[in-house]
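Number of protein chains: 2
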Amino acid sequence: MNDTFLKACRGEKVPYTPIWIMRQAGRYLPQYRAVRGKADFLTMCRTPELAAEVTMQPIDILGVDAAILFSDILIPCGAMGQGLEFHEGRGPLLSPAIRSADTVKKLLVPDPEETMGFVMDAIRLLRKELAGRVPLIGFAGAPFTTATYMIEGGTSKNFLNTKRMIFESPALYAALMDKVTGTITEYLKAQISAGAQAVQIFDTWGGIFSPSDFREYALSYVKRIIKDLRSWMKRERSEPVPIIYFVGETAGLLEEIKDAGADVYGVDWRINIDDAVRRLGGNAVVQGNLDPLSMFLPKEKIEEKAADILKRASSAKGHIFNLGHGVVPETPPQNVIALVEMVHRISKK
Amino acid sequence: MNDTFLKACRGEKVPYTPIWIMRQAGRYLPQYRAVRGKADFLTMCRTPELAAEVTMQPIDILGVDAAILFSDILIPCGAMGQGLEFHEGRGPLLSPAIRSADTVKKLLVPDPEETMGFVMDAIRLLRKELAGRVPLIGFAGAPFTTATYMIEGGTSKNFLNTKRMIFESPALYAALMDKVTGTITEYLKAQISAGAQAVQIFDTWGGIFSPSDFREYALSYVKRIIKDLRSWMKRERSEPVPIIYFVGETAGLLEEIKDAGADVYGVDWRINIDDAVRRLGGNAVVQGNLDPLSMFLPKEKIEEKAADILKRASSAKGHIFNLGHGVVPETPPQNVIALVEMVHRISKK
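Listed in order, the protein sequences are those of chains A and B.
Counting in numbering that gives the first Met the number 0, the first sequence runs from 0 upward without gaps.
Counting in numbering that gives the first Met the number 0, the second sequence runs from 0 upward without gaps.
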């Protein structure tokens, strides 16, 4: 079994730097588009066989060191009772937008196996199919990032409605966040119980805050989840699974982020990773941080950038190579394949 | 004359912290909307009397310490020969998108008085109307930020076409940037000659780069402009005007930004301003950095945040209070009025 990824998460010695790619099971792969041609996005998420099929593709095609479950961070919003639709080219639509005490009150904190059993089924299926080749990562959105979609009713440019709720009606925001946090905590426990060997919490929009607002309105809920997961794992499991915390636009927030209690911190590309390691306190395991659009560079330039990141990250307690954000659909797959080979080759030296 | 703003720019002692607000002449003001009801956005930019009228509004209404010319950073794109339109609720449209050697070749490096004389006329008119009440700030987009609009044909989510040009066709990007940089340099000189008493260079999208890419593909052109402006001012003027450099999402890039050669550095709200001062080298004049959406907080909370920023910025060589980005249209004007009063009152103590 290739357990390089799990060892790196724990800060143990590894023979080379493991790599996986955010959104590695995605539209840039023709093999993914072939499956997607037969089913819409939400059907793919809700059909364990299809989700498992596309999850496996990058393991074979890229040779990455971990699989990450194909799913979407908005699945729990549907389970909580909000209408959830995806339309080609328009992004997600959630309705009604959650902006009143009444809409918050109607939201459920659902039983994950009952309402999102298809996710856990996909995990169980994948563990069998992977048969130990590489570990399987489960994931969820962080409460704040999940809540932005629920409040805005979709994606947003400046998160006006979200910040207005936070700044104008902090008690309403807290009530919503209690439900979202409870839901995501139980969802991650269910994923781990089903066989996820690591979990990543995505706080994609955490970077829209000032440091003190980030601590109060985003980080505090992530800390609550991680604390809860840790005491639950201590009771329920012989070995805890690593927890990765990824925040988008991290650069101004690293001194806050380091208190999350995660095992691994995801770093986006807008900061030098050695600077991030230092600001995380010097003893962190980090994941990242190549600009996803660097994948359009000629291969020799990609290699220069990958080598620079590997060198800079050598100051960390552990490093998992990744892009600083999801791979974009227009990316040439051969460049991603080349990147995986480069990272393995260079880091073996 | 209130020259607190200019003194702060030069790092001189001031009786209180000066404040102005990015996009202070804007849609959040009913008085602005009244003018805008009579003319479309581009007509307002191109009519010196209308541009001057809305530029003056926040001086009377808010009591800010500087006026900033009402205009748009895309005006030079039109002067270079690209089609420029603004449609309500859709953002700017630039056509054709500049993505080929042919389209770059057709672009002009125009004479600013000939092609954008309405801007310089507005400046001359404003200097008369202001009659020394407060200084007048001129501005332009930084070459990279301007080029993103020219390449994408408008706004963008991930700047795919821009980064593809940079990474796939660096010589084409350099040719475009030579023309944009030349245009903006001459445009800023013309603004200063017409009477602008400070200039701000907006690199709103600079934060989409990794630090080394930012240095190479954005900062290098800003340095060229600032160097050129400085030697021109030395020759042509008895006293140089201060140059402010604002970058969006600065947090990971401050160690690069500090080499720009500007007098003042704009800081967005995603980082504590004392941290920014330290990372700019400790001897910087800074401008910022309240989250624009904090303007939805109750006034006592706005005051807490303003006081915190004033306290943190006391480590700087000089501080000009501002929001970390433009004020949003939904903002209650009375909160902006209150902010100006607070900053003056607290900093006088």
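To be clear, the hints were calculated from the coordinates, so they are not data collected in a lab.
All of these numbers come straight from a predicted model, not from anything done at the bench.
Just to be clear, a hint being listed does not mean it is correct.
[Claimed, not checked] Calculated pairs, EDC-like style, for lysine to aspartate or glutamate (alpha carbon to alpha carbon, straight line, at most 20 Å):
#1 B/K300 <-> A/E113
#2 A/K226 <-> A/D274
#3 A/K300 <-> B/D110
#4 B/K188 <-> B/D274
#5 B/K222 <-> B/D258
#6 A/K188 <-> A/E113
#7 A/K310 <-> A/E11
#8 A/K298 <-> B/D59
#9 A/K257 <-> B/E87
#10 A/K222 <-> A/E254
#11 B/K226 <-> B/D274
#12 B/K257 <-> A/D274
#13 A/K12 <-> A/D273
#14 B/K304 <-> A/E215
#15 A/K304 <-> B/E167
#16 B/K188 <-> B/E238
#17 B/K156 <-> A/E113
#18 B/K300 <-> B/E238
#19 A/K300 <-> B/E167
#20 A/K156 <-> B/E329
#21 A/K156 <-> B/E87
#22 B/K12 <-> B/E238
#23 B/K298 <-> A/E215
#24 A/K104 <-> A/E185
#25 B/K298 <-> A/D274
#26 B/K188 <-> B/E215
Between the alpha carbons of B/K226 and B/D274, is the straight-line distance 20 Å or under? Violated - the C-alpha atoms of B/D274 and B/K226 are around 27 Å apart, more than 20 Å.
Does the alpha-carbon distance linking A/K188 and A/E113 stay inside the 20 Å limit? Holds, at about 14 Å.
Does B/K156 pair with A/E113 here, judged by a C-alpha cut-off of 20 Å? violated, 36 Å
For the pair supplied as a hint, A/K156 and B/E87, confirm whether the alpha-carbon distance does not exceed 20 Å. holds, 16 Å
Could you grab the alpha-carbon distance between A/K12 and A/D273 and see if it respects the 20 Å cut-off? The given pair, whose Cα atoms are some 19 Å apart, holds under the 20 Å limit.
Does B/E238 lie within 20 Å of B/K188 when you go C-alpha to C-alpha? Roughly 14 Å between the alpha carbons, so the hint for B/K188 and B/E238 holds.
Need the status of pair A/K310, A/E11: alpha-carbon distance at most 20 Å? The hint holds at about 18 Å.
Given the hint that B/K188 pairs with B/D274, test it: the Cα-Cα distance must not exceed 20 Å. violated, 33 Å
Is A/K304 within 20 Å of B/E167, Cα to Cα? Distance ~15 Å between A/K304 and B/E167 Cα, so the pair holds.
Regarding the pair A/K222 and A/E254, is the alpha-carbon distance no greater than 20 Å? holds, 14 Å
Is the Cα-Cα distance between B/K300 and A/E113 20 Å or less? Violated, at roughly 43 Å.
Verify the proposed pairing of B/K188 with B/E215, using a straight-line Cα cut of 20 Å. violated, 24 Å
This entry does not satisfy hints 1, 2, 3, 4, 8, 9, 11, 17, 18, 25, 26, going by the numbered hints stated previously.
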